[in-house]
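Chemist: Line order of the protein sequences matches chains A and B. The numbering used here puts the first residue of the first sequence at 1, with every later residue one more than the last. The numbering used here puts the first residue of the second sequence at 1001, with every later residue one more than the last.
Everything labelled a hint here was simulated from the structure, so no lab data went into it. Don't be surprised by glycine CBs; every beta carbon is placed ideally from N, CA and C. One or more hints might be untrue.
[To be verified] With a Cα cut of at most 20 Å, we get these calculated SDA-like pairs of lysine to any residue: (1) B/Lys1222 <-> A/Lys24; (2) B/Lys1222 <-> A/Ile105; (3) A/Lys24 <-> B/Ala1098; (4) A/Lys120 <-> B/Ile1228; (5) A/Lys24 <-> B/Tyr1093; (6) A/Lys107 <-> B/Leu1106; (7) A/Lys24 <-> B/Glu1230; (8) A/Lys24 <-> B/Ile1096; (9) B/Lys1222 <-> A/Thr106; (10) A/Lys107 <-> B/Asp1227; (11) A/Lys107 <-> B/Ala1090; (12) A/Lys107 <-> B/Glu1230; (13) A/Lys120 <-> B/Ala1090; (14) A/Lys24 <-> B/Glu1231; (15) B/Lys1222 <-> A/Ala112; (16) A/Lys65 <-> A/Ser45; (17) A/Lys120 <-> B/Lys1222; (18) A/Lys107 <-> B/Ala1098; (19) A/Lys119 <-> B/Glu1230; (20) A/Lys119 <-> B/Asn1100; (21) A/Lys43 <-> B/Ser1115; (22) B/Lys1222 <-> A/Tyr104; (23) A/Lys119 <-> B/Ala1094; (24) A/Lys107 <-> B/Glu1231; (25) B/Lys1222 <-> A/Ile109; (26) A/Lys107 <-> B/Lys1222.
[Said to hold, decoys possible] Among the chain B residues that face chain A by a calculated CB cut under 7 Å, a handful are: (27) Glu1095; (28) Glu1097; (29) Asn1101; (30) Ala1104; (31) Ile1108; (32) Thr1110; (33) Asn1132; (34) Leu1133; (35) Pro1152.
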Amino acid sequence: MSEYRVLVVEDSPTMRQLIVFALKRIRNLQIEEAGDGVGGLKKLSAHKFDLVVTDINMPIMDGLKLVSLIRNDPQYKDVPVVVITTEGAIEDRDRALALGANEYITKPIQTARILEVAKKMLGV
Amino acid sequence: MTENNDSGGMASRAEEFLQVFKKGAEFTQGLLKENERLRYRVLELEQQLRTEGPSAEIERLQEKLRQSEAEKAEILSRISSIEQEGLDFANRYAEIEAENNLLANLYITTYQLHSTFDVDEIVRIIEEVLLNLVGAEKFSLLLLNEQGQLVPALSGESTGGLPAVGTDDPCIARALAQRQAWIADTDELSQLAESAIKAVVPLQVDNEVIGALVIYRLLAQKTSFSDIDEEIFNLLGGHAAMAICTALLHRERPDRTRFVRGFLSGTK
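Chain B extracted, bound-state conformation (with noise of 0.2 Å):
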């Protein structure tokens, strides 16, 4: 009875170790078979990444890098376009501003210089426009006598030391044979002596020349001639001269209410 007892345990426990067994068994497969299959996934995707190069969202966000970079270049573009913009509107607003002197420096000339009958009257705006406006310190307004000669018509502090001259000085020669306004160039201006013409302008009415106006210093900050001083010149050459002109034919008529009702009457 014992003995039946003892076998019949021993086989229990038997049979239990075999079903231990067994389940480590099939665990271990189970282990097995996992390893392989993760193993032939990194096999695939090895592969995957050989054959396919990056992945699609590093090729997405490369892209949007691209075009981060493309946007960047377009606004530095147009930041830089902007600035140049910038940058021509103050250089014409500068333009500007020198023609808006220009044009009022001529009007101003023209409109002082026929504001008056009276000679002497506009032998002084011609005096000032050349200080104020040009920035010349000495210099003479000379007529043409009936001798040819060059006769001074100004005097004053503007015109103090300054030396005779005659038609036959050669920058007085030359402007009014061209009848053009000759100006020293800046190189020229720095080595004249201070003594020396520095420009002159011929006045004429009718293409016939009446006298000159003769620069001889400018005032201490004027190094050279600008573009404006030239058109001054131009102005005068042809302005002064009409309104000198005009200013001696009315001394011989002062009369000047009868002399316009004799135009209209005339005119009938």
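With the rest of the complex left out, here is chain A (with noise of 0.2 Å):
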């Protein structure tokens, strides 16, 4: 049985995959994929998250959108985000925190990172 369930938004298959990759050696855990902000948005409002992993820069909404919506709504304000930013884009990052991200992770990613910060996040 899933103890934990995360989400994570990212147009990216390949990127997408290394983070599922990374985040199934963690136990119970189940994860959910979305390949922009509305999927992730749609999958949020289907399940009940312990986090939200989501890219910056994806087609139709993006990520500092996303984070946006989530800290504003009373239903998912508490989820723990994360964001993926690449090194460049500091501006990005730093307004994703602003908005209200709990951590970032920064492009190329490396998959102990991902589980490091996942598992910060997860409390596990």
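These two chains come separately, so use the hints to put the complex back together.
Modeler: Structure representation (structure tokens):
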């Protein structure tokens, strides 16, 4: 039985697979995936999540908008959010943190870093 | 009568005094003997101390102290050994994590490259791998045309403003001739101009070079290529080329079902 549920929002299938690959090392974890912010919101409304990992640069609805919507919705406002940023995009990272993201991961992604941050956020 | 009484009393007192005197003399003799005995005992003990050294008790305590010191040294040695073991475990854990990261990167790259027959999709996957897994910011995917010229197969943000290069570029020529990735080492990277080539990965299928991946710029935080990057380059060199060739061949025979059926009937 799954103890935690994590939502991964990332438009790149390669990156999404890498993030999921890393997260699967945490026991009792159920992972839901979405390719953009809109898909992420749909998943959020369908399940209760313990963590959201989202890329910033995505089509349709980017990660910053998603963070903002999550933080302003009483239903999800307490869900920890981790954003994935590129090194050059310091402004995006700072904006995400200002909007209420709890932590960030910089590309190129290391699986150990994903695992470390996810464990910290989930308290495992 | 009175004289007789007087002389009797004196004799009695003299006798009494004599007795007291005798007792005093005996007591003095006893004291002298005890004194002599004690002096002799002192001499004996001094002699024993000189000949036998510290007493057995001191020796036992000293032995116990030596044992305790040895135990302490052993415990300290075990603590040090356990600390070293802990350090070894931590290093091993870090190594395993790095290995896991490498395997994850290689697995995902391979999986993604062979997940589609769409050439554009494969090119996009190569772009994603270089950007997200290697940390390359500017790069180009060049394919050899029938005239043996390198033609860009990638366009977009990652290729913007890149100079046109040919097989005569020394870095490219070296990589294509040796059929092995050329990667600038850390010292070289810091000295190379921003627009200079930082790595070249020949793309080859069945020992035939079909193109090259050329990397010009890395993300800001990336100051050197890692072992993982080298492994990804080696993998891309073979698998990206194979995926591109397969997709190009498939483009000529898009009916995959019939293609597979034809293959199966041919093997009967």
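Chemist: So, for every hint listed, does it hold in this structure?
Modeler: Evaluated hints:
1. B/Lys1222 <-> A/Lys24: Violated, at roughly 27 Å.
2. B/Lys1222 <-> A/Ile105: holds (15 Å)
3. A/Lys24 <-> B/Ala1098: holds (17 Å)
4. A/Lys120 <-> B/Ile1228: Between A/Lys120 and B/Ile1228 the Cα gap is close to 26 Å, so the pair fails against 20 Å, i.e. violated.
5. A/Lys24 <-> B/Tyr1093: holds (18 Å)
6. A/Lys107 <-> B/Leu1106: Holds, at roughly 16 Å.
7. A/Lys24 <-> B/Glu1230: violated (26 Å)
8. A/Lys24 <-> B/Ile1096: Roughly 16 Å separates the two Cα atoms, so the pair holds.
9. B/Lys1222 <-> A/Thr106: holds (11 Å)
10. A/Lys107 <-> B/Asp1227: holds (17 Å)
11. A/Lys107 <-> B/Ala1090: violated (25 Å)
12. A/Lys107 <-> B/Glu1230: holds (18 Å)
13. A/Lys120 <-> B/Ala1090: holds (19 Å)
14. A/Lys24 <-> B/Glu1231: Violated: A/Lys24 and B/Glu1231 sit about 23 Å apart, past 20 Å.
15. B/Lys1222 <-> A/Ala112: holds (17 Å)
16. A/Lys65 <-> A/Ser45: Measuring from Cα to Cα gives roughly 16 Å; hence the hint holds.
17. A/Lys120 <-> B/Lys1222: With a Cα-Cα distance of about 25 Å, the restraint between A/Lys120 and B/Lys1222 is violated, given a limit of 20 Å.
18. A/Lys107 <-> B/Ala1098: Given that 20 Å is the threshold and the Cα spacing comes to 16 Å, the pair holds.
19. A/Lys119 <-> B/Glu1230: Distance of about 29 Å is beyond 20 Å: violated.
20. A/Lys119 <-> B/Asn1100: holds (17 Å)
21. A/Lys43 <-> B/Ser1115: The hint is violated at about 25 Å.
22. B/Lys1222 <-> A/Tyr104: holds (18 Å)
23. A/Lys119 <-> B/Ala1094: holds (17 Å)
24. A/Lys107 <-> B/Glu1231: holds (18 Å)
25. B/Lys1222 <-> A/Ile109: holds (12 Å)
26. A/Lys107 <-> B/Lys1222: Since the Cα atoms of A/Lys107 and B/Lys1222 sit roughly 10 Å apart, the hinted pair holds (cutoff 20 Å).
27. Glu1095: With a minimum Cβ separation of about 11 Å from chain A (threshold 7 Å), the hint on B/Glu1095 is violated.
28. Glu1097: OK, holds: B/Glu1097 within 7 Å of chain A, min 4 Å.
29. Asn1101: B/Asn1101 check passes; min Cβ-Cβ to chain A is 5 Å, inside 7 Å.
30. Ala1104: holds (5 Å)
31. Ile1108: holds (5 Å)
32. Thr1110: Check failed: Cβ of B/Thr1110 comes no nearer than 11 Å to chain A, outside 7 Å.
33. Asn1132: Holds, about 5 Å.
34. Leu1133: Since the shortest Cβ distance to chain A is 6 Å, the answer is holds.
35. Pro1152: Check failed: Cβ of B/Pro1152 comes no nearer than 21 Å to chain A, outside 7 Å.
The structure does not agree with the numbered hints 1, 4, 7, 11, 14, 17, 19, 21, 27, 32 and 35 stated previously, though it agrees with the rest.
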